[in-house]
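Colleague: Start from the sequences, fold in the hints, and give me the full structure.
Keeping their order, the protein sequence lines are chains C and A. When the first sequence is numbered by my numbering, its final residue is 364 and no position is left out of the sequence of numbers. When the second sequence is numbered by my numbering, its final residue is 1424 and no position is left out of the sequence of numbers.
The set of hints was computed from the structure by calculation and includes no laboratory data. All C-beta atoms in this analysis are idealised placements derived from N, C-alpha and C, irrespective of residue type, glycine included. One should not assume that every hint holds.
Claimed, not checked - Partial list, derived from the structure: chain C residues whose beta carbon lies under 10 Å from chain A:
1) Ser180
2) Ser181
3) Ala241
4) Gly245
What follows is the residue order along each chain.
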Amino acid sequence: MLAIPLIAALSIASGPPASAPPRQPAPVAIRVDGVVQTDGAIGPGGWIIVRNGRIESIGTAAPPPGAATFEFVGGIACAGMVDVATQLGAPGQFSEPSRAFTPDVAAADAFEPDHSSFLAAARSGVTTVALTPGSDNIVGGRLALIRTRDDHDRAAQFVGPGPLRFTWSDAAFPEDRLPSSRMGAMARLRELLANDTAKTAGASLVSAQTSDQIRTALDAFTASNRPLALLQPFHAEEALALLPGRAQGVVVGPFNLDTAERETRLPKQLADLAVAVAFTANGDGAALRLTAAIAVRSGLDPKSARLGLTSVPARLLGIDGDAGTLEPGKRADLVIYGGDPLDLAVSIQMVLVGGGAVAKKETP
Amino acid sequence: MIPALCALVLAAADAAPAASAPQRLRGDVIVLQAAEVHVGDGTVFKPGLVIVQDGKLVAAGQSMPLPAGANVIDCGSATITPGLVDAACQLGTSALFGAAEQGSEVIPQLDMWDALDLYSRDFEQLVADGVTTVFVTGEASSVISAKGAALKTGGPIADRRLPAKPIVKLTLGPESSGRGASNRGPSRFGGVSYSTRRPTTRMGSAWVFRKAMHDSIAFRDAGRASNEDLEPDAMRALADVLAGKTALRVQAREALDFFTAVKLADEFGLSFSYEYATEAAQCLDLLAARKIPVIFGPVRSSDSIFEGFEGAMPALETPRLLAAKGIHFCLTASDGSGEGGLGRQAGLAIRFGLDRAQALRSVTSDPAQMVGLDGRVGRLVPGLDADLVVWNGAPFDDTAKPVLVLIQGRPVLDLQGKFRKENS
Chain C
1 MLAIPLIAAL SIASGPPASA PPRQPAPVAI RVDGVVQTDG AIGPGGWIIV
51 RNGRIESIGT AAPPPGAATF EFVGGIACAG MVDVATQLGA PGQFSEPSRA
101 FTPDVAAADA FEPDHSSFLA AARSGVTTVA LTPGSDNIVG GRLALIRTRD
151 DHDRAAQFVG PGPLRFTWSD AAFPEDRLPS SRMGAMARLR ELLANDTAKT
201 AGASLVSAQT SDQIRTALDA FTASNRPLAL LQPFHAEEAL ALLPGRAQGV
251 VVGPFNLDTA ERETRLPKQL ADLAVAVAFT ANGDGAALRL TAAIAVRSGL
301 DPKSARLGLT SVPARLLGID GDAGTLEPGK RADLVIYGGD PLDLAVSIQM
351 VLVGGGAVAK KETP
Chain A
1001 MIPALCALVL AAADAAPAAS APQRLRGDVI VLQAAEVHVG DGTVFKPGLV
1051 IVQDGKLVAA GQSMPLPAGA NVIDCGSATI TPGLVDAACQ LGTSALFGAA
1101 EQGSEVIPQL DMWDALDLYS RDFEQLVADG VTTVFVTGEA SSVISAKGAA
1151 LKTGGPIADR RLPAKPIVKL TLGPESSGRG ASNRGPSRFG GVSYSTRRPT
1201 TRMGSAWVFR KAMHDSIAFR DAGRASNEDL EPDAMRALAD VLAGKTALRV
1251 QAREALDFFT AVKLADEFGL SFSYEYATEA AQCLDLLAAR KIPVIFGPVR
1301 SSDSIFEGFE GAMPALETPR LLAAKGIHFC LTASDGSGEG GLGRQAGLAI
1351 RFGLDRAQAL RSVTSDPAQM VGLDGRVGRL VPGLDADLVV WNGAPFDDTA
1401 KPVLVLIQGR PVLDLQGKFR KENS
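Modeller: Okay, here's the thing in structure tokens:
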């Protein structure tokens, strides 16, 4: 792992640490040699100016007076990674299998802001995660959107409720619980989709594995105009053609060096169909990057792979107005890598969450 | 001729979105010529030809002027029939958690469409058997099943579903009273629960049906639920049965259960069709007198003509006996395929005395009519779907099998490469 000392606040430039009343932090200026653009390509670098926790400009302005400046030779800036399916801080606490349909269960109720795993996620480059109910229920409950650090770098921060988590694979049909058939479940699913008026942005996260599970899930969600993203649809090559225009995206991962080629080539197959791919690895940035790199090795284009770590998951969670890409006006959730984020030989140089430095590699 | 053909088929193949999708010759005219064309209503053309365009049958006849630019496929000495139709199929449901809903004995508000696995290998087998349309009836472990669903066995997923009339099934006898494959018997040590099921007896099945109908009537008339076991949606669905908007099918193997069904139907002023009907031969007069349609089968070739569990009246001869009585009937293979498939059911019926033309009707136009799809499938007449089977011999003979199957004009089985050949 990277040895990254934590800097509690930007003490170099901003004076006493953050026990003082709210104040305007000094602007931050970071010089890099490349920036991952909104299309996933690595474009030219320059100065990135961050003010009040937001990106003010990228490559168009010089550091303002009084700014804390950082320069990374060879560094590439990328939006912080986003993981749509994690159980950080409370493993085992996101499954409530007493009933098949528990839409009112909220993952936010199992959120522990001080848990060290959020800090670890932030240091590994993951700036937003969703806490996600498990796969035991047909409707497992509502996701919780979490920034891995708050603006003062004290704890993780609950941002708001996310979309619902559904499981449409065999895991949601234990022998001792009703409904016992997909036919019975389908009637209740339609009723729930028709009656759920909770307005959350983003796409419902649906676990479906076989081709027919995917077909029926798509039918149910399309009929009620509900956006959905599929989670780990690994046995479904026949149904992939149904996805374009109907699934907002597909979430896969984590991949490791032992993952079967049949799974690792799925991102490329999806990209060929113009279906967006997001990666998940329980909030572990190193594992996310490895997953993306393996997808590239199996044919995915690098631009789509970088977007799969950042803007695609942000869009699936409905937070793409604020996160997922480096653009003026968005929150300054960004990571400076020593090179291409997909190059695993490259280490993280600096992580900012909301403009506050969570981690910075010591430079001589 | 041949080069033109090549170009035509190649162009169509290039336009197909994916290599796995069968090419659709939209706009192109396909002509199939064969030694015999059986329309399915008794008419036979020798030799014959059929003309297909845009997935529909344009014409069938002995000879007629061919449209300019037609793609002519010569099937030689083969016989063309309509695609077979099974009105009581039990294949294609999602293997593990499809149709066996244990939540209630009475589930007419549910839809078998939701239990189907359109990617099931069952459908490939049905296509290989020449079956192009199936009506999948509700699972027999429910007393009153979900509504059946009709679909094509091949072609694009989005085109599969067919608008059949709504039919729910009452199952009497052992399947619904706890000994069916999908049920577990009540534990000797525990109480009855949804996972152990009731009823457990033949009289129990009749009681569940009767109570459900009475509750539905009370709900319809009083507007409130009086039965804590039934969802309002279920009672509304039963009200549709009482009003004749949803048809009733009864599955019963034994004659005793058939007589119970007649009794129950009379109590509520219902008519019904009779599925499975293993002992129909014992009820011929009543079936004929009350004009009850029969969906007969399956029989197994191993069923003895001398003795079977149904006693002295052999199931194998039942199709002939039904026909002789003028009873409206069709054949089903239920969950059988291959050697137990629908073509074999027709073959057995012919071997035991059923007229060949009627045997063909009993697996094409008659089942289509029974599920309200006779305006779409079951005959080779203009305007119907171009679902047809090319047999390499006399249909249903043990020596013949389907070699080319079209569904809505697309080849879904092509053993001799009649479509493929021109591609290479």
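Colleague: State for each hint whether it applies.
Modeller: A quick look at each hint next to the structure:
1. For serine 180 (chain C), the shortest C-beta to C-beta distance to chain A is roughly 4 Å, which falls under 10 Å, so the interface hint holds.
2. Contact between serine 181 (chain C) and chain A, as hinted, is supported at the beta carbon level, the nearest pair being about 4 Å apart and thus within 10 Å.
3. At a threshold of 10 Å, the smallest CB-CB gap from alanine 241 (chain C) to chain A is about 6 Å, leaving the interface hint in force.
4. Hint on glycine 245 (chain C) is violated. Least Cβ distance to chain A is approximately 12 Å, over the 10 Å limit.
When held up to the earlier numbered hints, the structure conflicts with hint 4 and nothing else.
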